[in-house]
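The whole structure should be built from the sequences, with the hints applied where relevant.
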Amino acid sequence: MNKPTRRALSAVAATATLLGLAATSSTAVAVTPAASGTAAPSAAVAAERLIVGYKSGVQEARSNGVAAADAQDKAADAGQELRFERRTGTGAAVFDLGEKKSKAEVADLMAEFRADPDVAFVEPELIAQPLAVAADPNDTDYAKQWDLFEATGGMNVPGAWPTTTGAGVTVAVIDTGYVAHSDLAGNISGGYDFISDAARARDNNGRDANPADEGDWYAVGECGTNTTPSDSSWHGTHVGGTIAAVTGNGKGIAGIAYGAKIQPVRVLGKCGGSSVDIADAITWASGGTVPGVPANPNPAKVLNLSLGGASATCPSTYQNAIDGAVSRGTTVVVAAGNSNQDVSGFTPANCNNIVSVASTNREGGRAFYSNFGAKIDISAPGGETRRATDTPGTVTTPENAILSTVNASKTSPTTETYKPSMGTSMAAPHIAGLAALMKAAKPSLTPAQIESAMKANARPLPGTCTGGCGVGIADTAKTVASLGGTTPTDPKTFTNATAVAIPDNGAAVTSSIAVTGVTGNAPATLKVAVDIRHTYRGDLVVDLVAPDGTVRNLKAYSGSDSADNVIATYTVDASSEVANGTWKLRVQDRAAQDTGSISSWGLTF
0 MNKPTRRALS
10 AVAATATLLG
20 LAATSSTAVA
30 VTPAASGTAA
40 PSAAVAAERL
50 IVGYKSGVQE
60 ARSNGVAAAD
70 AQDKAADAGQ
80 ELRFERRTGT
90 GAAVFDLGEK
100 KSKAEVADLM
110 AEFRADPDVA
120 FVEPELIAQP
130 LAVAADPNDT
140 DYAKQWDLFE
150 ATGGMNVPGA
160 WPTTTGAGVT
170 VAVIDTGYVA
180 HSDLAGNISG
190 GYDFISDAAR
200 ARDNNGRDAN
210 PADEGDWYAV
220 GECGTNTTPS
230 DSSWHGTHVG
240 GTIAAVTGNG
250 KGIAGIAYGA
260 KIQPVRVLGK
270 CGGSSVDIAD
280 AITWASGGTV
290 PGVPANPNPA
300 KVLNLSLGGA
310 SATCPSTYQN
320 AIDGAVSRGT
330 TVVVAAGNSN
340 QDVSGFTPAN
350 CNNIVSVAST
360 NREGGRAFYS
370 NFGAKIDISA
380 PGGETRRATD
390 TPGTVTTPEN
400 AILSTVNASK
410 TSPTTETYKP
420 SMGTSMAAPH
430 IAGLAALMKA
440 AKPSLTPAQI
450 ESAMKANARP
460 LPGTCTGGCG
470 VGIADTAKTV
480 ASLGGTTPTD
490 PKTFTNATAV
500 AIPDNGAAVT
510 SSIAVTGVTG
520 NAPATLKVAV
530 DIRHTYRGDL
540 VVDLVAPDGT
550 VRNLKAYSGS
560 DSADNVIATY
570 TVDASSEVAN
580 GTWKLRVQDR
590 AAQDTGSISS
600 WGLTF
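Using numbering that gives the first Met the number 0, the letters of the sequence shown map in sequence onto residues 0 to 604.
Just so you know, these hints were derived from the structure itself, not from any lab. Treat each hint with caution, since some may be false.
[Unchecked claim] List time: in silico PhoX-like cross-link candidates among lysine-lysine, alpha-carbon distance up to 25 Å:
id: 1; residue 1: Lys-143; residue 2: Lys-250
id: 2; residue 1: Lys-583; residue 2: Lys-143
id: 3; residue 1: Lys-477; residue 2: Lys-143
id: 4; residue 1: Lys-250; residue 2: Lys-409
id: 5; residue 1: Lys-554; residue 2: Lys-418
id: 6; residue 1: Lys-554; residue 2: Lys-491
id: 7; residue 1: Lys-477; residue 2: Lys-441
id: 8; residue 1: Lys-454; residue 2: Lys-441
id: 9; residue 1: Lys-491; residue 2: Lys-477
id: 10; residue 1: Lys-491; residue 2: Lys-583
id: 11; residue 1: Lys-143; residue 2: Lys-418
id: 12; residue 1: Lys-491; residue 2: Lys-454
[As the list claims (entries may be wrong)] Derived CB-CB ranges, DEER-like:
id: 13; residue 1: Asn-203; residue 2: Ser-574; range: 53 to 61 Å
id: 14; residue 1: Gly-249; residue 2: Ser-338; range: 37 to 45 Å
id: 15; residue 1: Asp-95; residue 2: Gln-58; range: 18 to 26 Å
id: 16; residue 1: Glu-124; residue 2: Gly-247; range: 25 to 33 Å
The beta-carbon is built from N, C-alpha and C at its ideal position, and this holds for glycine as well.
Dropping the structure here:
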């Protein structure tokens, strides 16, 4: 073919050696400057195919036969084989290497093509992967989101992410609107303010296209006789963060359906919201027509209503709007209510054609405040900022609540922050997020099919529920897998709840767990849940000891940390360890005065 051969390349390689570069054909080519305005040559990787673009006008660009002959000559020079396979849509030639070749072999072949002046480019075939966040995103507060991953009270969310992130699905959060937050802003899309009462809206007008949350605080007596004052809740933004906070951005929290978009639809303001406004919001958000309001350019396929009030029956105003939304293919998710009563007396959770959601705690039982009853469809984590016996209004167990995006102000918006909250308002967005993941994975699903699949794949509550909590706690990964593909392996959890006293400023103590029945090595994302009660946690050093004696530090000594207790779930790369055997939690108190004990701990494989 009278083209440059490997012998011609040797001179370039020698020059490269004089320049202090390794004298290989691939390196020699790399030191040749790319033509002005063109990209640098593609690096070699192990591959099964090469893609070659010939310059316009040469025979190889027009004739498959000539291209095949040219490739065979070049392959022979490199001591390999190439077979012409096809053309791409842009005219490049695809050559099959016969089998996957090593990086070095691919580099040799690419060097042959790059030495040919008739070749515009040569590059290996690359294998793309789904851009799902790994099981452990790098969001700084992800470890606090027990509701997503803990085996007891969590919803098994990370196992679904390699399959679906909710991309392409819009979830309307019909609530207080949206207050600016950098951990959610990237997933906010459109929205509308449906509050028709200007005083309730605090924006000096009625309905408009701005769904900004102006704050829903009120003073004593403003919302009825003897009503106590209340701070702004930033409720809609907390709900939205649970569903679709930006994930993998190195800050804050992870959203359940972080590929989805949140459409804030404002209906709640000072002293609540009108059923007329809420019903119109349901209609508009799902793509229906509301007189005097522009059409929704991006109708939502999932609606979240973390709101409600007492009513013995579902009003026709609500039911008609819900039925219309469902007829348009939109799933309607509703919080059951926080009165510790039968849900049948609260609306819109007592309406038909919805997914009614009860709230569970970190132990997997019904949260003390959650409504219950035969009309509950399913349960999800709603958390507890306090125990039932603690003083109302106090926050005693923030680590057991649902952390999400809010504003720091008690009145009008100021600085963004995160806050742990509890309620069926927090449980419902877990189910709305699951619905978004399902709809993205299989767009043809109807609302009835989404609800049915959720229920069929839920797991029984590991805790207790009096009065009825539906079919159980939703299992995200199992539900998504049921739509097509293999069923994920259920996580295996081992616990030790025998208390072990920690001596003051003394020797280390251990608590052991015997792990059996787990195949192979421990995972790279081994979950270590610890509950250590201590009156000055900075005194403590906490280690995980593997069966072979390898020590992994979970918490270091910090004399300045005066807070109580170490209640956390740590993620440990234990992939080098055989799973089965005796694992130990080792704790040592390294300072005087304060005491405590290992209350319980567990491992999830």
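We went through each hint and held it up to the structure:
no. : hint                            : verdict
1   : Lys-143 <-> Lys-250             : holds, 13 Å
2   : Lys-583 <-> Lys-143             : holds, 22 Å
3   : Lys-477 <-> Lys-143             : holds, 23 Å
4   : Lys-250 <-> Lys-409             : holds, 23 Å
5   : Lys-554 <-> Lys-418             : holds, 24 Å
6   : Lys-554 <-> Lys-491             : holds, 24 Å
7   : Lys-477 <-> Lys-441             : holds, 15 Å
8   : Lys-454 <-> Lys-441             : holds, 17 Å
9   : Lys-491 <-> Lys-477             : holds, 15 Å
10  : Lys-491 <-> Lys-583             : holds, 17 Å
11  : Lys-143 <-> Lys-418             : holds, 11 Å
12  : Lys-491 <-> Lys-454             : holds, 22 Å
13  : Asn-203 <-> Ser-574: 53 to 61 Å : holds, 59 Å
14  : Gly-249 <-> Ser-338: 37 to 45 Å : holds, 40 Å
15  : Asp-95 <-> Gln-58: 18 to 26 Å   : holds, 21 Å
16  : Glu-124 <-> Gly-247: 25 to 33 Å : holds, 27 Å
In terms of the numbered hints stated before, the structure departs from none.
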